[in-house]
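Student: Chains as they are written, first to last, in our numbering: chain A, 1 to 247; chain B, 1 to 247.
Hint data in this document are derived by calculation from the structure and do not stem from the laboratory. Hints should not be assumed to be uniformly reliable.
Given that identical chains are not distinguished, each listed pair holds provided it fits within a single copy or across any two copies.
Cross-link-like lysine to aspartate or glutamate pairs, in silico, EDC-like; alpha carbons within 20 Å at most [as the list claims (entries may be wrong)]:
{"#": "1", "residue 1": "K187", "residue 2": "D166"}
{"#": "2", "residue 1": "K187", "residue 2": "D217"}
{"#": "3", "residue 1": "K187", "residue 2": "E223"}
{"#": "4", "residue 1": "K187", "residue 2": "D145"}
{"#": "5", "residue 1": "K187", "residue 2": "D144"}
{"#": "6", "residue 1": "K68", "residue 2": "E79"}
{"#": "7", "residue 1": "K187", "residue 2": "D247"}
{"#": "8", "residue 1": "K233", "residue 2": "E215"}
{"#": "9", "residue 1": "K233", "residue 2": "E96"}
{"#": "10", "residue 1": "K233", "residue 2": "E172"}
{"#": "11", "residue 1": "K187", "residue 2": "E215"}
{"#": "12", "residue 1": "K233", "residue 2": "E141"}
{"#": "13", "residue 1": "K233", "residue 2": "E223"}
{"#": "14", "residue 1": "K187", "residue 2": "D197"}
Here is what each chain is made of, one letter per residue.
Protein chains: 2
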Amino acid sequence: MTYCVGLRLDEGLVFMSDTRTNAGLDNIATARKMHTWERPGDRVVTLMTAGNLATTQAVVGLIDERTKAPGERIPSILEAPSMFQIARIVGRTLREVIDGNLGDGEALSASAFGATMILGGQIAGSEPRLFLIYPEGNFIEAGDDNPFFQIGETKYGKPILVRAFDPAMGFEQALKLLMVSFDSTIKSNLPVGLPLDYVTYTRDSLRLGRQGRIEPDDAYYGEISNGWGEALKLAFGQLPDFAFPGD
Amino acid sequence: MTYCVGLRLDEGLVFMSDTRTNAGLDNIATARKMHTWERPGDRVVTLMTAGNLATTQAVVGLIDERTKAPGERIPSILEAPSMFQIARIVGRTLREVIDGNLGDGEALSASAFGATMILGGQIAGSEPRLFLIYPEGNFIEAGDDNPFFQIGETKYGKPILVRAFDPAMGFEQALKLLMVSFDSTIKSNLPVGLPLDYVTYTRDSLRLGRQGRIEPDDAYYGEISNGWGEALKLAFGQLPDFAFPGD
Chain A
1 MTYCVGLRLD
11 EGLVFMSDTR
21 TNAGLDNIAT
31 ARKMHTWERP
41 GDRVVTLMTA
51 GNLATTQAVV
61 GLIDERTKAP
71 GERIPSILEA
81 PSMFQIARIV
91 GRTLREVIDG
101 NLGDGEALSA
111 SAFGATMILG
121 GQIAGSEPRL
131 FLIYPEGNFI
141 EAGDDNPFFQ
151 IGETKYGKPI
161 LVRAFDPAMG
171 FEQALKLLMV
181 SFDSTIKSNL
191 PVGLPLDYVT
201 YTRDSLRLGR
211 QGRIEPDDAY
221 YGEISNGWGE
231 ALKLAFGQLP
241 DFAFPGD
Chain B
1 MTYCVGLRLD
11 EGLVFMSDTR
21 TNAGLDNIAT
31 ARKMHTWERP
41 GDRVVTLMTA
51 GNLATTQAVV
61 GLIDERTKAP
71 GERIPSILEA
81 PSMFQIARIV
91 GRTLREVIDG
101 NLGDGEALSA
111 SAFGATMILG
121 GQIAGSEPRL
131 FLIYPEGNFI
141 EAGDDNPFFQ
151 IGETKYGKPI
161 LVRAFDPAMG
171 FEQALKLLMV
181 SFDSTIKSNL
191 PVGLPLDYVT
201 YTRDSLRLGR
211 QGRIEPDDAY
221 YGEISNGWGE
231 ALKLAFGQLP
241 DFAFPGD
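Modelling step: build the complete structure from the supplied sequences, incorporating the hints.
Tutor: And the structure:
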């Protein structure tokens, strides 16, 4: 299982992903699910992936290869004129891999070999943009009404995002929010796990922002994880108790 | 969709269910998902259902009918010697309905016509017990390590239960906790909705406790729903912000 979130803030974009991958509960490993490409001054592209690991690695591998040797049919994401076109390239590549059109004649079933992706970035001359790409290769874009996307095991961590997200928050606050959301997920679902990768992108900077990995022994994460449990109990205690009608 | 929770407290048992039922997003109605049977001084039984409404209504109907006219093969839950035997009866009845062994020769598929149930209650001379019954008709029991069960749309509302549940809490606090958990679910998922039904059972009372329905305009629910959003934001604000390494 996987959990990844991409946030669209006034200040720019923030991405966080876990790194746990499993084929069954008894085969657990760590794999990077966050990938970045950068051409400083021109564009920054971040891609996070959830789903079948063979599929997602093939997609990222193909995209990356084409940035070095552009193909005839599908252009490189470093050449594409817009984030929208990059989303189309990623979607087409994903479909290509899922359909098994890799020349080996093998057809993959979308259900078992599917994947979902969050794509974000900016190209000089246009706005930062954030997309959610479906296994079918089509996609939707984040807007003021839906300013974040989640993929993978999304439900446990959604209520706090719905409640506390504010596009005006800074990166430090946004990363705190993401850690609370990840912690809620990790506490409820074993196959999502630390370490967590994050990357920020500052609007109009056209270069990658801060990147890092939160390791299982990270002191701040521990503080958030324990502190949030306490804070929740405190918040819960402050609400008025239920009173039975007539009491 | 549905959301139901059963809690095993030191004080007794608490149950809450939503009442929304839908066949597609454009066909939404209200249906009772909580059912109780009582023989004061001898036993109290509560059953909550999630899944195909035709299946769950058939199961409840059969169980109820047999309390009035016990069948030969399957005894009445009012005659069964233990909560464990009642869980077996409910499981068998559920299988019977899903398998379509109702004499009309129609076989139902478990996936589309499945249902999951929470069963709780007490029989004179033994402890209050709480069970989760699967579509296959088998079941598990709540214990000190897993003191509550959820069925239906369980994920959104789980983190607060994991964090704030305490078996020593009273019914008033437990109902507050359930309303927070239901509110998190309702805020994230449209097909779970008010009104909410609740019932409490006080250990060794051997009669039904408090029952009620939380209507959409319930003042206390509104207070919890708004208050919880504020309390969450406050709790979130009190946690230390993330600081980038080296800052």
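Student: Given a CA cutoff of 20 Å, do K187 and D197 count as a within-copy pair, a between-copy pair, both, or neither?
Tutor: The answer is within: 18 Å in one copy meets 20 Å, while 28 Å across copies does not.
Student: When Cα atoms must be at most 20 Å apart, do K187 and E215 count as within-copy, between-copy, both, or neither?
Tutor: within (16 Å within a copy, 32 Å between copies)
Student: If the cut is 20 Å between Cα atoms, do K187 and E223 qualify within a copy, between copies, both or neither?
Tutor: within (15 Å within a copy, 28 Å between copies)
Student: 20 Å Cα cut-off: does K187 pair with D145 within a copy, between copies, both or neither?
Tutor: Between copies only: 15 Å across, 28 Å inside.
Student: Is the C-alpha distance from K187 to D217 at most 20 Å within one copy, between copies, in both cases, or in neither?
Tutor: within (16 Å within a copy, 33 Å between copies)
Student: With identical chains treated as interchangeable, where does the CA-CA distance between K233 and E172 reach 20 Å or less: within a copy, between copies, both, or neither?
Tutor: between (24 Å within a copy, 16 Å between copies)
Student: Reference check for the pair K68 and E79, CA-CA at most 20 Å: within, between, both, or neither?
Tutor: within (11 Å within a copy, 76 Å between copies)
Student: At most 20 Å between CA atoms: does that hold for K187 and D166 within a copy, between copies, both, or neither?
Tutor: Between copies only: 17 Å across, 24 Å inside.
Student: One pair to classify: K187 and D247, alpha carbons no more than 20 Å apart. Within, between, both, or neither?
Tutor: Result: close neither inside a copy nor across copies, 37 Å intra and 29 Å inter.
Student: If the cut is 20 Å between Cα atoms, do K233 and E141 qualify within a copy, between copies, both or neither?
Tutor: neither (36 Å within a copy, 27 Å between copies)
Student: Could you figure out if K233 and E96 sit no more than 20 Å apart (CA to CA) within one copy, between two copies, both or neither?
Tutor: neither (48 Å within a copy, 43 Å between copies)
Student: Evaluate K233 and E215 at a C-alpha cut-off of 20 Å and name the case that applies: within, between, both or neither.
Tutor: neither (26 Å within a copy, 26 Å between copies)
Checked against the numbered hints given earlier, the structure breaks hints 7, 8, 9 and 12 and satisfies all the rest.
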